[in-house]
Structures are given as C-alpha cells and as structure tokens.
Amino acid sequence: MSIHRFNRRSFLRGAGVTMALPWLESMAVWGDVPKTPEPASEAPLRLAVLFAGNGFHSREWWAKGQGKDMELGKVLQPLADFREKMLFIRGLYNAEALKGNIHSSQTGNLLSGAPLASGGEIRSSTSVDQLLAQHYGRETKLPSLVLGCEKSNPSVHKNYSMLYSSHISWSSPTTPTPLEVYPALAFDQLFKDSTNRGDQSVLDAVLEDAKDLRRGISGQDRQKLDEYLDSVREVEQRVANAGKRGELQGWRPTLSAPNIPRPPDGIPQDIAEHMRLMCDILVLAFQTDTTRVCTLKLNNDHSALRFPNLGVDYMIHHLLSHTDTDDWLKVNQFFVGQLAYLAGKLDAIREGERSLLDNSMILFCSSMLNGNHDASQLPVVLLGGAGGKIQGGRVLDYLGDSQRQMCRLHLSIMEKMGLKLAAFGDAVSPLAEV
Numbered sequence: 051m052s053i054h055r056f057n058r059r060s061f062l063r064g065a066g067v068t069m070a071l072p073w074l075e076s077m078a079v080w081g082d083v084p085k086t087p088e089p090a091s092e093a094p095l096r097l098a099v100l101f102a103g104n105g106f107h108s109r110e111w112w113a114k115g116q117g118k119d120m121e122l123g124k125v126l127q128p129l130a131d132f133r134e135k136m137l138f139i140r141g142l143y144n145a146e147a148l149k150g151n152i153h154s155s156q157t158g159n160l161l162s163g164a165p166l167a168s169g170g171e172i173r174s175s176t177s178v179d180q181l182l183a184q185h186y187g188r189e190t191k192l193p194s195l196v197l198g199c200e201k202s203n204p205s206v207h208k209n210y211s212m213l214y215s216s217h218i219s220w221s222s223p224t225t226p227t228p229l230e231v232y233p234a235l236a237f238d239q240l241f242k243d244s245t246n247r248g249d250q251s252v253l254d255a256v257l258e259d260a261k262d263l264r265r266g267i268s269g270q271d272r273q274k275l276d277e278y279l280d281s282v283r284e285v286e287q288r289v290a291n292a293g294k295r296g297e298l299q300g301w302r303p304t305l306s307a308p309n310i311p312r313p314p315d316g317i318p319q320d321i322a323e324h325m326r327l328m329c330d331i332l333v334l335a336f337q338t339d340t341t342r343v344c345t346l347k348l349n350n351d352h353s354a355l356r357f358p359n360l361g362v363d364y365m366i367h368h369l370l371s372h373t374d375t376d377d378w379l380k381v382n383q384f385f386v387g388q389l390a391y392l393a394g395k396l397d398a399i400r401e402g403e404r405s406l407l408d409n410s411m412i413l414f415c416s417s418m419l420n421g422n423h424d425a426s427q428l429p430v431v432l433l434g435g436a437g438g439k440i441q442g443g444r445v446l447d448y449l450g451d452s453q454r455q456m457c458r459l460h461l462s463i464m465e466k467m468g469l470k471l472a473a474f475g476d477a478v479s480p481l482a483e484v
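Numbering-wise (our numbering), the sequence shown opens with residue 51 and increments by one.
Be a bit skeptical, because a hint or two may be false.
What the hints assert, rightly or not - Restraint-style ranges between C-beta atoms, simulated for each label pair:
id, residue 1, residue 2, range
1, Ser426, Gly115, 37 to 45 Å
2, Pro223, Glu403, 38 to 46 Å
3, Ser268, Gly468, 26 to 34 Å
4, Glu134, Glu92, 48 to 56 Å
What the hints assert, rightly or not - List of simulated lysine-lysine pairs, PhoX-like, C-alpha gap at most 20 Å:
id, residue 1, residue 2
5, Lys470, Lys124
6, Lys149, Lys114
7, Lys261, Lys274
8, Lys242, Lys191
9, Lys380, Lys274
10, Lys466, Lys439
11, Lys114, Lys124
12, Lys208, Lys149
No wet-lab data here; the hints were simulated from the structure.
In this text, a Cβ means the ideal position worked out from N, Cα and C, and glycines have one as well.
Kindly produce the complete structure, drawing on both the sequences and the hints.
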C-alpha cells in the first residue's frame, strides 16, 4: 500500500510558472495532509460540460438496452467503447426554453432552467457549473475553465440576445462567463502566472524543479511524471502550430483575398484540431487539478461553422441541422467523436484504483433534440463514474414523468460533488436513479 511522502499541495515552479502535478501515489496531491502515514488520498471528483448546438439527427439519437449490450443509434456510435460508463437520459426538458423564441431562449438557460429576459436585455441565472465553481473553486488554481470553439454572437435574433445562444455558462444572472476560444491563452491559464512571459516553454521554466522532484518519488511515479510532462510538451507544440494550417471554417468572408495584414496566429483554422486542442487542455486541467469544473462549448446554437474536413463545406451547421441528411449525421458523429476522444484520454489516465474518467462526470447535451427546434425533450448523455457514485451502462427514460425537469439532473450532479441544495431552477429534488 502506497503512503504519503510529501505533506504539501505539490507544484512544479519556475519563473512566472506554477504547474500543478497529476495524481501520484507518493504525494498528498489533493491537499490532505496526514498526521501519520496512511494510504494515498483519493482523487477529487470533476465535472465537464460539453455542448453541441442545434440538436442531432431526428431518427438516429437513441439508445436501448444496458451494459455492454446497449444498442446505440448512429449518432452515438463513436461512444460504443464507453457504453458501460454511460447514462443515456431521455425526456428531460426546460420549461422556460419553450417560451420566447428559438435558439437563444433554448440555450441561455440550459444549465440553470431560468427565465430569460427579452428585448435585447441580458438576464438568466447562475449556471450549475459556475455554482459549483463558486463553492469549490478556492481549492484549485482556477475556479473553472470555460472554453469555446466558436466566438460569441452579440446580435439580437427574434427579440432575444444572441449572447444566450453563445453561452451556456453564467457567472451571475447578468454575466455570461467569458469564453476562451484561443488554445494558447487557455493553455496559459493552466500554467502561467502572468501573460507577459513571451514564448518561453512552460516545461523549460520548471525543468530544474522537475529534476529535484524525481529524486524523491517512486519509480512508478517517475514514469507517470515523465508521461505527464511529455503530454504537456505535445500540447505546447500543437498550440504553437495551431494557426499555421487548415482551411477557414465558420463564416465565409466576402473577399477572396485579405485586404489587411495577416493577424498573429490565434484561433486554429482547422476546426478538428481546434476541438481536439481544447479537449486536450481540458484533460490537462483535470489531470493537474488546476480546476475541477470545465465547460467546453464546441459551437454556438445557431452555429456558422463549416466542415471541409468532413467534405461538408456547402452549408453552415445551423442550416445543415434542418436537413436531417447523411451529411448532418456525419457532422453529428464528428461532434460525438470529440466526446469519445475526451473520454478516451481521461480513461487512459490512472488515479489509484480508478481512471480520471471514473473520477469525473461529463455532461454532453444540446439545447434542442433536433434541428427543427424541438426542445420538448433534450438530448443528454452523462459519461464517467463520479468517483464510484454513478453506475453506467443504463438508459433512463423520463419522457412520461411529470417531474422531468433538466434541473433535477443538475441537482443530482451537484449532490454527487457534495453540494446539496433544496432547489435549483424549477426543480426541488434530484433524479434518484442517477
């Protein structure tokens, strides 16, 4: 049985850099400081929320059965390897999303169930991710990490601000949590103490501290530390190259050639690489305990992304969602593929008896069931074991239940993470089956 050999919250430090460490058997990484030798501490529970706008294929979003024999519709086929760690949840909805307009009023309250102000005014409610961040964020370097792969839209659509359709995370009723869409800046949030360090490598800055650390940890931990540092280096290198290749995706400019100087590298032009980078940064954030709450908005509701990487370059995401074609299915599988990629990365990282996926909850959802704006039930998948608190491989169907509020799921998620509330949004009880 492994025991603690260090009695501090462990970091690698260098000039302008603080780099948290992954779970190691030799350390009390998660902040518990034992008075006497005892077994290594358990890793904490994390929450990730992944959002894909505009719903999914109307005939291919389904699951039935249980365990390894669970059958999946074509949209969910990329998750086949994770059926036993997955809850497919049918029938939940937000009553407030059925009021107002489409898109904006179906998205801005997805994680809160709150009524939304119209007329261009901004008012929702604090979302479940930010409520958890406010309660537990002091335990980590970052209270939460909020990432996006498509910039927010500040316009107004059908009398509702499009900021609602661009943000699912809200720090307060009038404050959508700022999205970080630049992978390099998201990476800097994890490791750098200031934003003016130029291009110095994070690993180069902490190299000496890492060498000192290796002398005092077990052989197994040395291997884990080396693997972790290699993964950080890989992401660093990919971030550095992110804007140098690929095709422009999203809104198409009216000019065939730029009429201003090329701006510095920023958002990757390859949407697949952009999404993978953000997934990798999320993994690093959890792996290092830099934060325990992360929200990743893969695109906006009413999205303008295009997908030349899939051979689907003739129509933006939003318009494609109305077609229910094979190309729409292909795009759906691409988005679910990002979830599968993230789950695979988390599941490959061991944290004691469990994997990082086993110690996490990943909520994957959209603000409507399909591209015809059907919000009478929401597409919801919950992946991960919540530290042994969730049994996967199940289909939960609430479609005929009179108490099928999405906020009941949010209450369940908060309860798993140790935050028990009497009510949240329009719900007064969690989903017992979760």
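How the hints compare with the structure:
1. Ser426 to Gly115: 37 to 45 Å: Because 24 Å falls outside the window, the suggested range is violated.
2. Pro223 to Glu403: 38 to 46 Å: At roughly 41 Å between Cβ atoms, Glu403 and Pro223 fall inside 38 to 46 Å, so the hint holds.
3. Ser268 to Gly468: 26 to 34 Å: The hint (26 to 34 Å, Cβ to Cβ) holds, given that Ser268 and Gly468 are roughly 30 Å apart.
4. Glu134 to Glu92: 48 to 56 Å: With a Cβ separation near 21 Å, Glu134 and Glu92 fall outside 48 to 56 Å, so the hint is violated.
5. Lys470 to Lys124: With a Cα-Cα distance of about 36 Å, the restraint between Lys470 and Lys124 is violated, given a limit of 20 Å.
6. Lys149 to Lys114: Between Lys149 and Lys114 the Cα gap is close to 31 Å, so the pair fails against 20 Å, i.e. violated.
7. Lys261 to Lys274: holds (14 Å)
8. Lys242 to Lys191: holds (11 Å)
9. Lys380 to Lys274: violated (37 Å)
10. Lys466 to Lys439: holds (7 Å)
11. Lys114 to Lys124: At roughly 12 Å apart (the allowed maximum being 20 Å), Lys124 and Lys114 satisfy the hint.
12. Lys208 to Lys149: holds (12 Å)
When each numbered hint is compared with the structure, violations occur for hints 1, 4, 5, 6, 9.
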